[in-house]
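Trainee: The residues making up each chain are set out below.
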Amino acid sequence: MKNARVHAKLGQFTEALMQTYGVGPVPGHNLEPRYALPSRATVITILRRLFETFFPGFMGRQQVTRDTVRFHIGALLDEIADDLGEQIYAAVRHEDSELANDRLKSRRFAEDCVLGLFEKLPEIRRALILDVQAGYDGDPAAKNANEVILSYPGLAAIATYRVAHELEACGVPLLPRIMTEWAHSRTGIDIHPGATIGESFFIDHGTGVVVGETCLIGNHVKLYQGVTLGALSFPKDERGKLIRGLRRHPQICDHAVIYSGATILGDVTIGEGSVIGGNVWLTQSVPPHTKVLNTPQIPTFRKGGNGPQAASDDEE
Amino acid sequence: MKNARVHAKLGQFTEALMQTYGVGPVPGHNLEPRYALPSRATVITILRRLFETFFPGFMGRQQVTRDTVRFHIGALLDEIADDLGEQIYAAVRHEDSELANDRLKSRRFAEDCVLGLFEKLPEIRRALILDVQAGYDGDPAAKNANEVILSYPGLAAIATYRVAHELEACGVPLLPRIMTEWAHSRTGIDIHPGATIGESFFIDHGTGVVVGETCLIGNHVKLYQGVTLGALSFPKDERGKLIRGLRRHPQICDHAVIYSGATILGDVTIGEGSVIGGNVWLTQSVPPHTKVLNTPQIPTFRKGGNGPQAASDDEE
Amino acid sequence: MKNARVHAKLGQFTEALMQTYGVGPVPGHNLEPRYALPSRATVITILRRLFETFFPGFMGRQQVTRDTVRFHIGALLDEIADDLGEQIYAAVRHEDSELANDRLKSRRFAEDCVLGLFEKLPEIRRALILDVQAGYDGDPAAKNANEVILSYPGLAAIATYRVAHELEACGVPLLPRIMTEWAHSRTGIDIHPGATIGESFFIDHGTGVVVGETCLIGNHVKLYQGVTLGALSFPKDERGKLIRGLRRHPQICDHAVIYSGATILGDVTIGEGSVIGGNVWLTQSVPPHTKVLNTPQIPTFRKGGNGPQAASDDEE
Numbered sequence: 010m011k012n013a014r015v016h017a018k019l020g021q022f023t024e025a026l027m028q029t030y031g032v033g034p035v036p037g038h039n040l041e042p043r044y045a046l047p048s049r050a051t052v053i054t055i056l057r058r059l060f061e062t063f064f065p066g067f068m069g070r071q072q073v074t075r076d077t078v079r080f081h082i083g084a085l086l087d088e089i090a091d092d093l094g095e096q097i098y099a100a101v102r103h104e105d106s107e108l109a110n111d112r113l114k115s116r117r118f119a120e121d122c123v124l125g126l127f128e129k130l131p132e133i134r135r136a137l138i139l140d141v142q143a144g145y146d147g148d149p150a151a152k153n154a155n156e157v158i159l160s161y162p163g164l165a166a167i168a169t170y171r172v173a174h175e176l177e178a179c180g181v182p183l184l185p186r187i188m189t190e191w192a193h194s195r196t197g198i199d200i201h202p203g204a205t206i207g208e209s210f211f212i213d214h215g216t217g218v219v220v221g222e223t224c225l226i227g228n229h230v231k232l233y234q235g236v237t238l239g240a241l242s243f244p245k246d247e248r249g250k251l252i253r254g255l256r257r258h259p260q261i262c263d264h265a266v267i268y269s270g271a272t273i274l275g276d277v278t279i280g281e282g283s284v285i286g287g288n289v290w291l292t293q294s295v296p297p298h299t300k301v302l303n304t305p306q307i308p309t310f311r312k313g314g315n316g317p318q319a320a321s322d323d324e325e
Numbered sequence: 010m011k012n013a014r015v016h017a018k019l020g021q022f023t024e025a026l027m028q029t030y031g032v033g034p035v036p037g038h039n040l041e042p043r044y045a046l047p048s049r050a051t052v053i054t055i056l057r058r059l060f061e062t063f064f065p066g067f068m069g070r071q072q073v074t075r076d077t078v079r080f081h082i083g084a085l086l087d088e089i090a091d092d093l094g095e096q097i098y099a100a101v102r103h104e105d106s107e108l109a110n111d112r113l114k115s116r117r118f119a120e121d122c123v124l125g126l127f128e129k130l131p132e133i134r135r136a137l138i139l140d141v142q143a144g145y146d147g148d149p150a151a152k153n154a155n156e157v158i159l160s161y162p163g164l165a166a167i168a169t170y171r172v173a174h175e176l177e178a179c180g181v182p183l184l185p186r187i188m189t190e191w192a193h194s195r196t197g198i199d200i201h202p203g204a205t206i207g208e209s210f211f212i213d214h215g216t217g218v219v220v221g222e223t224c225l226i227g228n229h230v231k232l233y234q235g236v237t238l239g240a241l242s243f244p245k246d247e248r249g250k251l252i253r254g255l256r257r258h259p260q261i262c263d264h265a266v267i268y269s270g271a272t273i274l275g276d277v278t279i280g281e282g283s284v285i286g287g288n289v290w291l292t293q294s295v296p297p298h299t300k301v302l303n304t305p306q307i308p309t310f311r312k313g314g315n316g317p318q319a320a321s322d323d324e325e
Numbered sequence: 010m011k012n013a014r015v016h017a018k019l020g021q022f023t024e025a026l027m028q029t030y031g032v033g034p035v036p037g038h039n040l041e042p043r044y045a046l047p048s049r050a051t052v053i054t055i056l057r058r059l060f061e062t063f064f065p066g067f068m069g070r071q072q073v074t075r076d077t078v079r080f081h082i083g084a085l086l087d088e089i090a091d092d093l094g095e096q097i098y099a100a101v102r103h104e105d106s107e108l109a110n111d112r113l114k115s116r117r118f119a120e121d122c123v124l125g126l127f128e129k130l131p132e133i134r135r136a137l138i139l140d141v142q143a144g145y146d147g148d149p150a151a152k153n154a155n156e157v158i159l160s161y162p163g164l165a166a167i168a169t170y171r172v173a174h175e176l177e178a179c180g181v182p183l184l185p186r187i188m189t190e191w192a193h194s195r196t197g198i199d200i201h202p203g204a205t206i207g208e209s210f211f212i213d214h215g216t217g218v219v220v221g222e223t224c225l226i227g228n229h230v231k232l233y234q235g236v237t238l239g240a241l242s243f244p245k246d247e248r249g250k251l252i253r254g255l256r257r258h259p260q261i262c263d264h265a266v267i268y269s270g271a272t273i274l275g276d277v278t279i280g281e282g283s284v285i286g287g288n289v290w291l292t293q294s295v296p297p298h299t300k301v302l303n304t305p306q307i308p309t310f311r312k313g314g315n316g317p318q319a320a321s322d323d324e325e
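Chains as they are written, first to last, in our numbering: chain A, 10 to 325; chain B, 10 to 325; chain C, 10 to 325.
Worth double-checking, as some hints may not be accurate.
One copy or two, it doesn't matter: identical chains are merged, so the pair holds either way.
In silico lysine-lysine, DSBU-like type, Cα no more than 30 Å apart, as pairs [what the hints assert, rightly or not]:
#1 LYS11 <-> LYS114
#2 LYS11 <-> LYS250
#3 LYS11 <-> LYS129
#4 LYS114 <-> LYS152
#5 LYS152 <-> LYS250
#6 LYS312 <-> LYS114
#7 LYS312 <-> LYS152
#8 LYS250 <-> LYS129
#9 LYS114 <-> LYS129
#10 LYS18 <-> LYS129
Since the hints were derived computationally from the structure, they do not count as laboratory data.
Make a model of the complete structure from these sequences and hints.
Mentor: Put into structure tokens, the structure is as follows:
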């Protein structure tokens, strides 16, 4: 049903909103005739198609067989190449950079990045198979590898990261973060595309995991839900502005395990094979083959649980 | 393929399920001819269109330019007005209230709320631009403001909250919570629409953040992942039923920073410019310009990490 | 725009990717002519339709009334029966089992499981109504039961679990975990379908909750966000491989409440009516009607919060 009072003022509401577009310290619109911004929806479609090429038959097209897989993969790569090229081009053209101002060079850059990613696909695919194996080996609740591929959030987050990281390494703006934040939204696992992560990586449960931009993670590392690999306070320049791009996150060496809720901050190193216990808060390095546990805190036991006599400091 | 045994009993299964609809302490169906409930899908569409009007060219329609933006915004507002009016009307008519029983007054109320929201849109838009700026200023991993708008979960959660809060303030039932729980689902950030939040608000990473119904948050406040601003145990009335609507959550003053995993409970005040360290558990007020840290707990270091000799208290 | 250099090499990229499909320790493709894997999209559609039968008028079809509900429910069950039968059959045929090799027996098994679930639907529906009531009773921010059904993530996670658990109990492979991981993705709540959960269960906020495979949860239990009910380190067999299926998670008795961020690990028992405080870390049993709290840690208060003089150990 039409709301006559709103309709009478639609022009007025439109103008009032438009007054706000040019104002403020940061751009909040994309109204220049330059070029459209990348489309989040298209970027996600690209990712989904890449996942199909990594795990044929598991997602997307179902009736893929040995006889037909070649055609499906070829067709998927064809679609991905076109869309990804456009999205990279759109992202580059929005940068405040020399490259952005050169249409031909931007186009060439986008093509180079697509080529670069496509050359890496077999390597990414091999890494993902090791991640699947790490998931199955690391979780007694996993019934088989199919279950890991079809349902584990950790695998979805890592697959997204491995693609986004390649694009980040090529210098593609915007798209890597759109990809990893999409995975973050689906899985609760927030891996920055700039992080460096080795082989056979497993994240169990995963909700609340944060892996910061300059983390270095070795091979066969295992993280549980709620682990933060973060930074200490950020250095600022002489005008009080954050300095971006400095190394500020932990290095986690091969075979380390970090249990749920642990927080490791700053440019510290967790040695090979070391184990960080649940909820541990660390801002220092740990030698190899060391186990770090919180001093066992003995919780207080009191009579009187849930019921009319419940104490008054219960949290909502 | 048809399952003959199931098909033979479909009538029976249907009847058995229907037997359960009238039973139980709470309604679990919406079978009265009164009016349909609000549609979650339509409410989300409304939100997405509102986001388009806040950040034209960033989401939804891509080819919006200075020359055409007026038409697109006008058309979006037109669509939003109709859908939102219907959804508010549907929500009101389901209340157990005097208003709900008066069809004309309900319709008028819905129209007033749409008008009220539309008048606030420029103000919400201005607040969101400051939130974008706060995100860029507060995170060294943010490469530019576009990245914040296109991918940061904190911004999606805050934008949803700012719309939902206006509807909550108008007294609209159901819709505000449907909106903020949709954002919660996408971002892991759970902000109750009843909370009051000032300008230049930033939530980094965000998974696991809870901001309770009666929180008061000032300007330039920054929260990290896993922060709870919650309540202590709830007062109950003489029949043991929860008393609803009382103030029971913290007040966070301007320029306060609350690091990851901190929990602040109850009607306490965190003073201006104070900093609450990671994992701190607080049920008391904090004066201005104060830093609250957990007593540094020295974790125990033991030889023997991951491997055959691993200790037996590893968590899954 | 076509990327000529990529297009010239598409055949080559396709071959390179195909070289990786047969390689590696675990299957990462589904190319055998045997049968398609279950479709995640169809499984989610089945769940959404089941939710419609549990809460008619709340989701999906909106114009359902007392006069027409019979037709809608009958039609939904018809669709669910066909799709679910196919998906169970697909899941079974991918197992490495005797059953999987027998086409007729696999089909029969799928039909039996659909019948079994359909017979349980009224019971599941009754349980969900009690869960709704528990949500309303347990949260002062809940305005009415409709709000709980339309927007609470805890209810979505529990409804998914109650369906998945029935299929898990029938021995259906893959589908139960696809279902609960879908709910995990939407809600941040990770309940393994193998867990056993009683009546009137409520999870508030919920992000980061983990309920492990062999948990036993009684009636009227309440969990808050970030609660882990997990396992200690897993026993391995003589070849160093994890032993799967052993009991390794907590039992939570009736009327227990577990506050946010608490972690309970291993095969321990939390007695009836006991309350576990926020952030408590427990690897031992707790008697009935007992309250367990962390020894109050007094955080250190220091002058100097946010600003130029901020201390240097702030986390990102």
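Trainee: A separate judgement is required for each hint: does it hold in the structure or not?
Mentor: Hint by hint, here is what the structure shows:
1. LYS11 <-> LYS114: between (51 Å within a copy, 16 Å between copies)
2. LYS11 <-> LYS250: Close neither inside one copy (50 Å) nor across copies (42 Å); limit 30 Å.
3. LYS11 <-> LYS129: Between copies only: 20 Å across chains, 55 Å inside a chain, cut-off 30 Å.
4. LYS114 <-> LYS152: between (50 Å within a copy, 22 Å between copies)
5. LYS152 <-> LYS250: between (50 Å within a copy, 13 Å between copies)
6. LYS312 <-> LYS114: neither (73 Å within a copy, 54 Å between copies)
7. LYS312 <-> LYS152: neither (41 Å within a copy, 33 Å between copies)
8. LYS250 <-> LYS129: Close neither inside one copy (37 Å) nor across copies (32 Å); limit 30 Å.
9. LYS114 <-> LYS129: Cα proximity of LYS114 and LYS129: one copy only (23 Å, versus 44 Å across).
10. LYS18 <-> LYS129: Result: close only across copies, 13 Å inter versus 55 Å intra.
Violated hints, in rising order: 2, 6, 7 and 8; the structure is consistent with all others.
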